[in-house]
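K.L.:
Sequence:
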Amino acid sequence: MPTIPDALITTYLHMTHQDQFKPAFLNIPGVSIMTLDNPDVSFYRFLYDSVGDQLQWRDRRLMSVTELLAIITDSNVSIFVLYVEDEPAGYVELEKIGTETEIAYFGLIPGHIGLGLGKHLLSFAIDQAWEGGAERVTVHTCNLDSPAALPNYLKRGFEVYNVQSEPMPERYRI
1 MPTIPDALIT TYLHMTHQDQ FKPAFLNIPG VSIMTLDNPD VSFYRFLYDS
51 VGDQLQWRDR RLMSVTELLA IITDSNVSIF VLYVEDEPAG YVELEKIGTE
101 TEIAYFGLIP GHIGLGLGKH LLSFAIDQAW EGGAERVTVH TCNLDSPAAL
151 PNYLKRGFEV YNVQSEPMPE RYRI
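Under the working numbering, the residues of the sequence shown are numbered 1 to 174, in order.
Do not take every clue at face value.
Okay, the calculated beta carbon distance ranges per label pair [unchecked claim]: (1) Thr-73 to Pro-5: 27 to 37 Å; (2) Asp-86 to Thr-3: 28 to 38 Å; (3) Asp-40 to Pro-151: 32 to 42 Å; (4) Asp-49 to Asp-19: 28 to 38 Å; (5) Asp-40 to Pro-110: 16 to 26 Å; (6) Ala-70 to Glu-100: 12 to 22 Å; (7) Gly-98 to Asp-127: 14 to 24 Å; (8) Gly-98 to Asp-19: 17 to 27 Å.
Bear in mind the hints are in silico, worked out from the structure with no lab data behind them. Positions of the beta carbon are idealized from the N, C-alpha and C atoms, including for glycine.
Could you put together the complete structure from these sequences and hints?
P.N.:
As structure tokens, then:
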């Protein structure tokens with residue numbers, strides 16, 4: 001179990017124009033990204049837990065099945081699964097909020113990290129947001145996330161617009 005810091009430091013980033021986007025798509029045989037058309041809670045929890053376990057993700061674990069199902073089937077939420085040779089390797093969840101699209105959840109399953117798949121999946125997500133009519137694309141990361149997250153966001157063209165620090169919430173210490 002990783003050591004949990006005393007403070008949660010959250011960095012908020014955004015793109016306000018599509019020209020900021022610096023894609024890094026890969027063309028690797030056997031790698032695909034599929035829309036999760038009919039999300040169900042068990043498969044979603046598999047993805048969330050597989051990606052988030054090592055990152056201390058807790059928020060969606062604390063939700064009831066009914067609460068989680070309402071979120072993942074909301075018409076403003078889109079979930080995309082990255083596959084390597086038909087095996088889930090990560091996922092990204094986008095949420096439209098008015099004219100903005102937030103990359104709400106994003107990550108890779110251990111065993112697929114360090115292969116360049118993160119920049120590919122992030123590029124896909126950003127492209128989907130702009131193609132979906134976003135006027136602003138947002139994402140946030142924190143000091144519990146992968147150390148590669150913030151550099152990946154910056155390399156894709158995101159800019160930091162806010163950083164907040166707070167005492168570490170108890171839910172991340174469990």
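K.L.:
Are the hints correct? Go through all of them and say.
P.N.:
We went through each hint and held it up to the structure:
no., hint, result
1, Thr-73 to Pro-5: 27 to 37 Å, "34 Å, holds"
2, Asp-86 to Thr-3: 28 to 38 Å, "36 Å, holds"
3, Asp-40 to Pro-151: 32 to 42 Å, "34 Å, holds"
4, Asp-49 to Asp-19: 28 to 38 Å, "37 Å, holds"
5, Asp-40 to Pro-110: 16 to 26 Å, "23 Å, holds"
6, Ala-70 to Glu-100: 12 to 22 Å, "21 Å, holds"
7, Gly-98 to Asp-127: 14 to 24 Å, "20 Å, holds"
8, Gly-98 to Asp-19: 17 to 27 Å, "21 Å, holds"
Violation of the numbered hints given earlier is absent; every hint is satisfied by the structure.
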